[in-house]
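J.: One-letter residues, chain by chain:
Number of protein chains: 2
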Amino acid sequence: MDFSNISIIGIGLMGSSFALALRKYGFTGGITGIGRREDNLIKAKELGIIDQYSTVPVNGIRDADLILLATPVGQFEKIVRDIAQNIKKGAIVTDVGSVKAGIVKKLDPLMPEGVSFVGGHPIAGKECSGISAAASDLFKDARCIVTPGSNTNNEALEKIINLWNVVGAKTLLMTPEEHDLIFAAVSHLPHVIAYALVNSIIEEDDKILHYGGKGLRDMTRIALSSEELWKDICVYNKEEILKTLRRFSSVTSRTIKLIEESDWTGLEKEFLRAKEARQLIESD
Amino acid sequence: MDFSNISIIGIGLMGSSFALALRKYGFTGGITGIGRREDNLIKAKELGIIDQYSTVPVNGIRDADLILLATPVGQFEKIVRDIAQNIKKGAIVTDVGSVKAGIVKKLDPLMPEGVSFVGGHPIAGKECSGISAAASDLFKDARCIVTPGSNTNNEALEKIINLWNVVGAKTLLMTPEEHDLIFAAVSHLPHVIAYALVNSIIEEDDKILHYGGKGLRDMTRIALSSEELWKDICVYNKEEILKTLRRFSSVTSRTIKLIEESDWTGLEKEFLRAKEARQLIESD
Numbered sequence: 001m002d003f004s005n006i007s008i009i010g011i012g013l014m015g016s017s018f019a020l021a022l023r024k025y026g027f028t029g030g031i032t033g034i035g036r037r038e039d040n041l042i043k044a045k046e047l048g049i050i051d052q053y054s055t056v057p058v059n060g061i062r063d064a065d066l067i068l069l070a071t072p073v074g075q076f077e078k079i080v081r082d083i084a085q086n087i088k089k090g091a092i093v094t095d096v097g098s099v100k101a102g103i104v105k106k107l108d109p110l111m112p113e114g115v116s117f118v119g120g121h122p123i124a125g126k127e128c129s130g131i132s133a134a135a136s137d138l139f140k141d142a143r144c145i146v147t148p149g150s151n152t153n154n155e156a157l158e159k160i161i162n163l164w165n166v167v168g169a170k171t172l173l174m175t176p177e178e179h180d181l182i183f184a185a186v187s188h189l190p191h192v193i194a195y196a197l198v199n200s201i202i203e204e205d206d207k208i209l210h211y212g213g214k215g216l217r218d219m220t221r222i223a224l225s226s227e228e229l230w231k232d233i234c235v236y237n238k239e240e241i242l243k244t245l246r247r248f249s250s251v252t253s254r255t256i257k258l259i260e261e262s263d264w265t266g267l268e269k270e271f272l273r274a275k276e277a278r279q280l281i282e283s284d
Numbered sequence: 001m002d003f004s005n006i007s008i009i010g011i012g013l014m015g016s017s018f019a020l021a022l023r024k025y026g027f028t029g030g031i032t033g034i035g036r037r038e039d040n041l042i043k044a045k046e047l048g049i050i051d052q053y054s055t056v057p058v059n060g061i062r063d064a065d066l067i068l069l070a071t072p073v074g075q076f077e078k079i080v081r082d083i084a085q086n087i088k089k090g091a092i093v094t095d096v097g098s099v100k101a102g103i104v105k106k107l108d109p110l111m112p113e114g115v116s117f118v119g120g121h122p123i124a125g126k127e128c129s130g131i132s133a134a135a136s137d138l139f140k141d142a143r144c145i146v147t148p149g150s151n152t153n154n155e156a157l158e159k160i161i162n163l164w165n166v167v168g169a170k171t172l173l174m175t176p177e178e179h180d181l182i183f184a185a186v187s188h189l190p191h192v193i194a195y196a197l198v199n200s201i202i203e204e205d206d207k208i209l210h211y212g213g214k215g216l217r218d219m220t221r222i223a224l225s226s227e228e229l230w231k232d233i234c235v236y237n238k239e240e241i242l243k244t245l246r247r248f249s250s251v252t253s254r255t256i257k258l259i260e261e262s263d264w265t266g267l268e269k270e271f272l273r274a275k276e277a278r279q280l281i282e283s284d
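So the protein lines, in turn, are chains A and B.
Those letters in the first sequence? Residues 1 to 284, by our numbering.
Those letters in the second sequence? Residues 1 to 284, by our numbering.
Be careful, since some hints might not be right.
Here are the simulated DSBU-like cross-link-like pairs (lysine-lysine), alpha carbons at most 30 Å apart as the crow flies [what the hints assert, rightly or not]:
(1) K89(B) x K214(A)
(2) K106(B) x K269(A)
(3) K126(B) x K238(A)
(4) K238(A) x K214(B)
(5) K159(B) x K126(B)
The set of hints was computed from the structure by calculation and includes no laboratory data.
Sequences and hints are given; from them, build the entire structure.
T.: Quick look at the structure:
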């Protein structure tokens with residue numbers, strides 16, 4: 001392992017699972033947890049997830065040679081502004097945010113001389129949040145997208161790739177822009193749609209949701225995700241998310257038209273096309 | 001048990017699971033399987049799911065005192081027209097279709113003197129189909145909606161309620177119209193949206209679907225369902241499904257507008273409202 005002291009800012013599901021994974025896979029250095037709520041940090045320390053903690057980011061990062069940002073992405077910029085001048089020379093800052101281009105653009109210029117930022121996005125997580133849901137194997141066999149920008153230091157990039165491999169993830173390199181285009185479609189869009197689906201059902205009748213079977217439950221499980229986190233993701237990936245939402249809207253309108261016109265052959269073809277595409281990823 | 005000979009028309013996931021459940025919970029009478037594909041019926045007999053079979057509905061129902069329709073709903077009317085004059089006096093015809101009002105309206109007048117139709121809809125199923133997915137406990141603890149119409153014979157209704165209780169389901173009575181309004185929202189809409197979601201992603205790029213994590217997979221699992229079955233459901237519940245789709249479209253448009261206008265407070269409120277509603281059914 002390339003690091004001796006790791007500070008994790010944001011001790012929620014991702015941050016605490018990362019700490020547990022570090023320990024499980026042999027990291028023996030210090031882990032400092034940083035967060036807004038002291039009771040949560042005390043609990044994390046009692047559970048042995050972190051060694052020490054601080055509610056003041058700048059106090060918890062001075063010795064760190066790796067700083068992991070694991071709060072909702074909307075807080076990254078302020079945190080980095082607060083800590084930048086006290087980051088150790090040679091340290092690497094990374095993150096687990098679900099958006100990348102806007103983050104890289106905001107954080108890269110804030111890094112002091114000798115400090116590198118390398119963005120990351122582990123495709124792992126659950127709809128439940130907080131340390132009670134933490135799991136040391138959250139990242140095992142998960143893909144982790146690492147997004148070097150034009151300014152990324154190669155040595156720092158290699159260390160971040162190695163770090164994710166150590167906790168069991170399979171790394172995949174993309175530019176921040178490629179990442180945001182792909183994940184707008186396969187992650188951000190589904191989340192926004194899951195929230196909209198629940199809202200459209202309760203606007204019909206707020207008592208009928210519980211008649212739903214396994215299909216509805218599976219489909220709306222991600223609507224249990226943090227509203228702050230997903231609002232932030234929409235802020236940071238606004239244009240790509242709008243493109244996917246507009247495309248989705250036009251597919252929905254096309255479906256409505258097929259049903260209105262009783263074009264059942266056309267409708268069955270639409271369903272079949274989706275089914276066949278979905279089958280291709282079933283065995284992934 | 002009120003029946004001696006049961007004929008099941010359609011030996012797919014539902015039909016074969018029902019046969020297995022009958023045996024598991026003590027039914028000792030005869031079970032006849034009726035279907036279009038002889039190889040499937042032979043396999044069902046070899047597996048002990050059915051006792052005998054026929055590919056010609058009218059040949060397989062003469063002795064039955066219960067006939068269960070378990071094909072895609074679009075085939076019900078033709079099947080009942082073919083068999084009606086040969087149904088035993090006193091027999092009951094029931095079904096497992098996901099739509100009810102249109103079915104009841106079509107099938108009720110086709111029943112000969114002394115034969116009752118009682119509609120049912122077990123809220124069970126999987127995205128996989130066919131006898132290889134059959135399970136004797138598919139209906140255990142599942143809700144089963146039973147939908148008596150104005151013409152339903154009370155004795156027949158009691159027998160159908162009892163039948164579902166025997167295989168482990170909890171019955172719930174609704175009118176066919178109540179059923180179709182509720183299930184348009186909590187079942188038919190989510191299926192149509194799952195197909196549309198997959199199509200909108202592959203229209204962006206047909207190779208990116210496999211980047212999706214657990215969220216996308218859970219959300220699109222029901223897009224693996226039979227396209228014929230779900231096309232039929234749209235045929236039979238067209239007006240209610242159109243209403244729910246239009247409502248969903250307007251919620252989606254509202255969400256797009258909030259993002260376009262960067263109304264992040266409004267967006268977070270939308271997400272929170274959905275999350276809180278979804279939480280209420282998490283412990284159901």
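J.: Going through the earlier hints one by one, which of them does the structure break, listed in rising order?
T.: Per hint list: 1 and 3 violated.
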